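Student: Here is what each chain is made of, one letter per residue.
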Amino acid sequence: MKKTVMMLVLVAVLLCSTMFSFATSDPAVTIVSPSQTISGTNLLVSVKMTAPKTIKVSVYEEKEKVGDTLVSIDPTTVSDENFSSKTLFSVSVITPETFQGSGSLQFYNKQINDVSPGLYRVKVEVLDSNNVVTATSTQRTVVMPKDSEAASGSEIFESQQTGAFQWVQNLIKSIFKN
Amino acid sequence: MGKPKQYIESAKNIILVVLFVTTMLLLYFFWGSPMADSFRISDIIGEEPSEIPSYREVTQPARIDVHFGEGNYTVLEEQDIDAWEKCLQLLRGLDPEGVRALEEITAEQFDRIMEFRSILYRFHYEMPLDTFLKKYELQEIPGANEVGDFSLIGFSSGSPESLFIYSRGKDKYYRIVYDQPHASMEELLSTVEDMVNVSYFRIGTLVGRDDNRTLVPLDLSTSLEEVAYSQEFENLNTAEVKAFAQTFFGESFDFVRKIEESKGTHIYMYGYGEKVLTITAEGRVEYKNKETPQGSQQNYFDALDSALQFVAAHGGWQTGDGMEMSPVVQYSRAVESEKRKGYRFVFGMQLLEEPLYLERSHSIMVEVIHGQVTQYLRDMIEIEEEEFREQTDGVERQAFSAINMIAQNYPYIASVLSEKGYDFSSLTGEALFDAISDLIISVSTGYMKPDHGEEGDNVLIPAWIVKTDNVMIYFDLYDAEPLGHTGLLES
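Chains as they are written, first to last, in my numbering: chain A, 1 to 178; chain B, 1 to 491.
Next comes chain A alone, as it looks inside the complex (with noise of 0.2 Å):
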């Protein structure tokens, strides 16, 4: 009886670790772009993949839906409002991508035009020679509008010494050289 349950619950312990593996991203396929958070209107994935791999790579915008149509969320709330509570819709951005890797070393890379802000998520799956789905790996990024150059570099060289204190440096060093 005893020998019977601790099959069972073997058996059981296989099972559930093998769903869990399913459910899991695969150490050698990482995700290196987008970041959380990138602005402009491009969006670029890239990932990198450690082993010879199939992979196939889905780029979708996280719309909600207001009345009956789906809306794009609104980048600065992202980090003030909670989405689990919140029913997302994926729009698919992109006809998804299966690239397959032979070498040790590979990147998958694509960029994506014309991107409006909103929040996106780029899904990896790895597939096995039957195209079936062995690990997925997601990354979720705010793509916030372009950033303004109003804020000027100055700020940059703040610390470097006034313009006409250096220019003095400047023409004193001349004159000693010469």
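Just so you know, these hints were derived from the structure itself, not from any lab.
These numbers come from a predicted model, not from an experiment.
The beta carbon of each residue, even a glycine, is placed where N, CA and C say it ideally should be.
Don't take each hint at face value.
Among the chain B residues that face chain A by a calculated CB cut under 7 Å, a handful are [as the list claims (entries may be wrong)]: (1) Gln109; (2) Ser199; (3) Asn404; (4) Gln408; (5) Phe433; (6) Ala435.
Assemble chain B onto chain A, guided by the hints.
Tutor: Positioned in the frame of chain A, the structure of chain B alone reads:
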């Protein structure tokens, strides 16, 4: 009865002139080389001197990086919008009295300011800033002599009134602050933004490391295909080669020893080896002059002018047949021999818009010390222009991913760099990849001529060119297979 006698006298004069000219021509034939191709009217009446490219034509940035902000870049081809000339125009129009400061800035400050929309003119060699300004008749920059040599000029919309300069020799960044913003650079940035551009990203962005700033294209389509070529000197027993050799020795050519080696190499030697000209069976020319230079030390541009004139007088800047190519300084460095200083110039050739690279060689290399050319390498090829256009006007193909070309070949790059003295013995896997990608200063496309020796097809191969400080490593543009490499310090 007087008239016929007069006619006879005139006829005699004409016959004498004809006989004299005939004698001269026969003497030319029999005393000179008795080969059919040795007779050239141009030799008798004097050939027009070979065209000399100007220092401006050969001095072009290796690349022009444009940052649109948010990590989106493109790299300009010079011919696109004459971007280098626009930079020179801006420098020409600057008011020296408008300089508010010339200050050294940190590498971190430079990187931060270039996060804004910016444009960088990069050279793979250094030029002295003050001599550059004088030679180009640009406005003086107070304190330019403090900067010394430079290899980069940059503008950033984050500090529109500034001009940024980098000196690789000193590894220092400088900012020159003017009292007015450089509006023309803003215009140039806007013009480039409105164009259809190839997207470039930093290697660091693609691989997940912030510190690697070298740009690579994300996707590149190109119509480059293999192109047949022939060597400039295929048969060394021609009057053309003899005339070429004669240009190095002038009047003393009759006292030059000529040695023909079993492998087909011809060696011309003057005196006890003071001047030696070697032409290999494959047509590669090397000239060395060990005589003590009598001239005085030259600055960078005077030495460049000496090199340009020397090549024009010794083989010329174009080959006799084939399509015209545009020479550019690919690399230069200061050299010193017996306390005499000079420069070594490596000239690359542009085939219409694509640069040509030679495995383990250079199209032209000239070393000038105190005004005297001490070393000259010439490895020129000829290409049929019609065939070249036919081969490159076809349907575009997707090039192999630049980042995956590096990822696939980093062990090979490491092995090449190890030969040049780098030590990667403690690194493997991703750590080695990171170390290698940090050493790459540019990734570009071009044509590569393999070093087959006497065997192999004479075709140029479309290639990725991975450039580190002193080595160029080539990979097939479409399958990323390694093709070879060239050291910039070798000759």
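Student: Restraint: glutamine 408/B near chain A, CB-CB cut 7 Å. Satisfied or not?
Tutor: 5 Å, holds
Student: Let's test the interface hint: is any C-beta of chain A closer than 7 Å to that of asparagine 404/B?
Tutor: OK, holds: asparagine 404/B within 7 Å of chain A, min 5 Å.
Student: Hint phenylalanine 433/B vs chain A: min CB-CB distance below 7 Å?
Tutor: 6 Å, holds
Student: At a threshold of 7 Å, is the proposed contact between alanine 435/B and chain A supported by beta-carbon distances?
Tutor: Violated: closest Cβ of chain A sits about 13 Å from alanine 435/B, beyond 7 Å.
Student: Given serine 199/B as an interface hint, is the shortest Cβ-Cβ distance to chain A below 7 Å?
Tutor: Given a least distance of 6 Å, the restraint on serine 199/B holds.
Student: Classify the hint on glutamine 109/B as holds or violated, based on whether any CB of chain A lies nearer than 7 Å to its CB.
Tutor: 5 Å, holds
Hint compliance for this structure: hint 6 is the single one not met.
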